[in-house]
Amino acid sequence: MTVTTAVRERLADLYAAYASCLDDGRFGEWPEFFTEDAWYRVVPRENYDQGLPLSTLSLKGKAMLKDRIYGIESTIFHAPYYQRHILGPLQISAGADGVFDVRCNFLVVRTKRDMMAEIFSVGYYVDKVKVNETTTLFTTKICVFDNDLIPNSLIYPI
Amino acid sequence: MTVTTAVRERLADLYAAYASCLDDGRFGEWPEFFTEDAWYRVVPRENYDQGLPLSTLSLKGKAMLKDRIYGIESTIFHAPYYQRHILGPLQISAGADGVFDVRCNFLVVRTKRDMMAEIFSVGYYVDKVKVNETTTLFTTKICVFDNDLIPNSLIYPI
Amino acid sequence: MTVTTAVRERLADLYAAYASCLDDGRFGEWPEFFTEDAWYRVVPRENYDQGLPLSTLSLKGKAMLKDRIYGIESTIFHAPYYQRHILGPLQISAGADGVFDVRCNFLVVRTKRDMMAEIFSVGYYVDKVKVNETTTLFTTKICVFDNDLIPNSLIYPI
Numbered sequence: 254m255t256v257t258t259a260v261r262e263r264l265a266d267l268y269a270a271y272a273s274c275l276d277d278g279r280f281g282e283w284p285e286f287f288t289e290d291a292w293y294r295v296v297p298r299e300n301y302d303q304g305l306p307l308s309t310l311s312l313k314g315k316a317m318l319k320d321r322i323y324g325i326e327s328t329i330f331h332a333p334y335y336q337r338h339i340l341g342p343l344q345i346s347a348g349a350d351g352v353f354d355v356r357c358n359f360l361v362v363r364t365k366r367d368m369m370a371e372i373f374s375v376g377y378y379v380d381k382v383k384v385n386e387t388t389t390l391f392t393t394k395i396c397v398f399d400n401d402l403i404p405n406s407l408i409y410p411i
Numbered sequence: 254m255t256v257t258t259a260v261r262e263r264l265a266d267l268y269a270a271y272a273s274c275l276d277d278g279r280f281g282e283w284p285e286f287f288t289e290d291a292w293y294r295v296v297p298r299e300n301y302d303q304g305l306p307l308s309t310l311s312l313k314g315k316a317m318l319k320d321r322i323y324g325i326e327s328t329i330f331h332a333p334y335y336q337r338h339i340l341g342p343l344q345i346s347a348g349a350d351g352v353f354d355v356r357c358n359f360l361v362v363r364t365k366r367d368m369m370a371e372i373f374s375v376g377y378y379v380d381k382v383k384v385n386e387t388t389t390l391f392t393t394k395i396c397v398f399d400n401d402l403i404p405n406s407l408i409y410p411i
Numbered sequence: 254m255t256v257t258t259a260v261r262e263r264l265a266d267l268y269a270a271y272a273s274c275l276d277d278g279r280f281g282e283w284p285e286f287f288t289e290d291a292w293y294r295v296v297p298r299e300n301y302d303q304g305l306p307l308s309t310l311s312l313k314g315k316a317m318l319k320d321r322i323y324g325i326e327s328t329i330f331h332a333p334y335y336q337r338h339i340l341g342p343l344q345i346s347a348g349a350d351g352v353f354d355v356r357c358n359f360l361v362v363r364t365k366r367d368m369m370a371e372i373f374s375v376g377y378y379v380d381k382v383k384v385n386e387t388t389t390l391f392t393t394k395i396c397v398f399d400n401d402l403i404p405n406s407l408i409y410p411i
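Residue numbers (this note's numbering), protein chains in the order written: chain A, 254 to 411; chain B, 254 to 411; chain C, 254 to 411.
Rather than coming from a laboratory, the hints here were simulated on the basis of the structure.
One or more hints might be untrue.
With a cut-off of at most 27 angstroms between alpha-carbon atoms, the simulated DSS-like pairs for lysine-lysine come out as follows [said to hold, decoys possible]:
1. B:Lys365 x B:Lys319
2. A:Lys319 x A:Lys381
3. B:Lys365 x A:Lys365
4. C:Lys381 x C:Lys313
5. C:Lys365 x A:Lys365
6. A:Lys315 x A:Lys383
7. B:Lys319 x B:Lys381
8. B:Lys383 x B:Lys319
9. B:Lys365 x C:Lys365
Bound-form chain A, shown alone (with noise of 0.2 angstroms):
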């Protein structure tokens, strides 16, 4: 299996559109980027590197990412803030049954209402992304961030 051009574009628009939608603030479409039973983690940098399990936030299939975005939506409290991602290039690796491995470095920039704009995380995704005929879906996502120490709560996804 090949890196073709291709395959290059399909990854290329998802990345684009991921940021996008989070950007937008359009949560209710964010679980649609995953497989049925994908599993997404945000992890420090510290943790990832030594293999340890902890975990900041750590999704289980579509269910959990639904309710974590019900939870954004409906219960938590917080005080409202944008989010921008801006993405670095893709390495892309590929793997077996059309899954292939994509390294993405991000800077998410937050603001706050009447605020300035403050850098809000950084690090980079490690991802599996499952590209069919016609969908592009991560099967796996783990963002791992550098800052251990962030600005306030996370609330939004990654």
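The hints should help you fit chains B and C onto chain A, whose structure is shown.
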């Protein structure tokens, strides 16, 4: 009309050239990225999301773009600063007549003489780009920015 | 010589791999991105724009690059920090003999243990890249940075 690899490359080149034109401070070349009757706007996200027409800056037609540059270079008194555009991946969709809708996240970092670099503006472009045989030009460029509060005046184009 | 899709992909892969090598802290692999007689420089924008030769760092030949890494890992005392490179789109033009001129904006975010992430360096690469059958290597890499004032010493390569 489809988004071919050739179109993607043309658009990628356009955005890279646009950023380096502004970051180099070659402002005289900036209007050349636009069609004669192009519309350039800088709009706070809060207004844009509600469909409100108020813009921080709104320039219609290349003559107004040139006038703005004349203002920047010859009449406005301001402390000089460097800009650096960090752009994310492009989200492209095909419209009619060779015009493509393009969306792209941006982060503009500003550096003033003997100061630390700081986030100046963060948001996304909502653009329409006309792709011809030989030219690739913006017909509309809307710079939607998240941060209502900017560290100082907006002088140079985003 | 033209900038084919294949060349674009080779260069995109190079920059993604370069960033993740440095961000992972795999400094021993860093010299392998360069040809034997490559020249690596880090230059303030103010000097670069005026054609002044003074560099913050200037390393000629792979042996000097390796020596720098030896210094970083074995002799310089410094507080460790994480780096994260966020790179913009590439601006590519073809030179002679399989060497391409590439320009690319960069933002390097630094995170120190138990501190907030901060902008460490921002600027652009002015590179020459030799593309062979099997290798893609920098023959020149100039890191031009906007911010004269950096939050601390420059230890790791940019």
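Checked hints:
For the proposed pair Lys365 of chain B and Lys319 of chain B, the alpha carbon gap of about 25 angstroms is at most 27 angstroms, so the pair holds. Simply put, Lys319 of chain A and Lys381 of chain A have alpha-carbon atoms about 20 angstroms apart, close enough for the 27 angstroms limit, and the pair holds. Proposed proximity of Lys365 of chain B and Lys365 of chain A is supported: the alpha carbons are some 24 angstroms apart, at most 27 angstroms. Of the supplied pair hints, the one linking Lys381 of chain C and Lys313 of chain C holds, its CA atoms being roughly 14 angstroms apart against a limit of 27 angstroms.
For the proposed pair Lys365 of chain C and Lys365 of chain A, the alpha carbon gap of about 24 angstroms is at most 27 angstroms, so the pair holds. Restraint check for Lys315 of chain A and Lys383 of chain A: the C-alpha separation of about 15 angstroms stays at or below 27 angstroms, so the hint holds. Taking the CA atoms of Lys319 of chain B and Lys381 of chain B, the gap is about 20 angstroms. The hint holds against a cut of 27 angstroms. Distance hint between Lys383 of chain B and Lys319 of chain B is fulfilled; the C-alpha atoms sit about 20 angstroms from each other, no more than 27 angstroms.
A hinted pair counts as satisfied when its Cα atoms are at most 27 angstroms apart, and Lys365 of chain B with Lys365 of chain C qualifies at roughly 24 angstroms.
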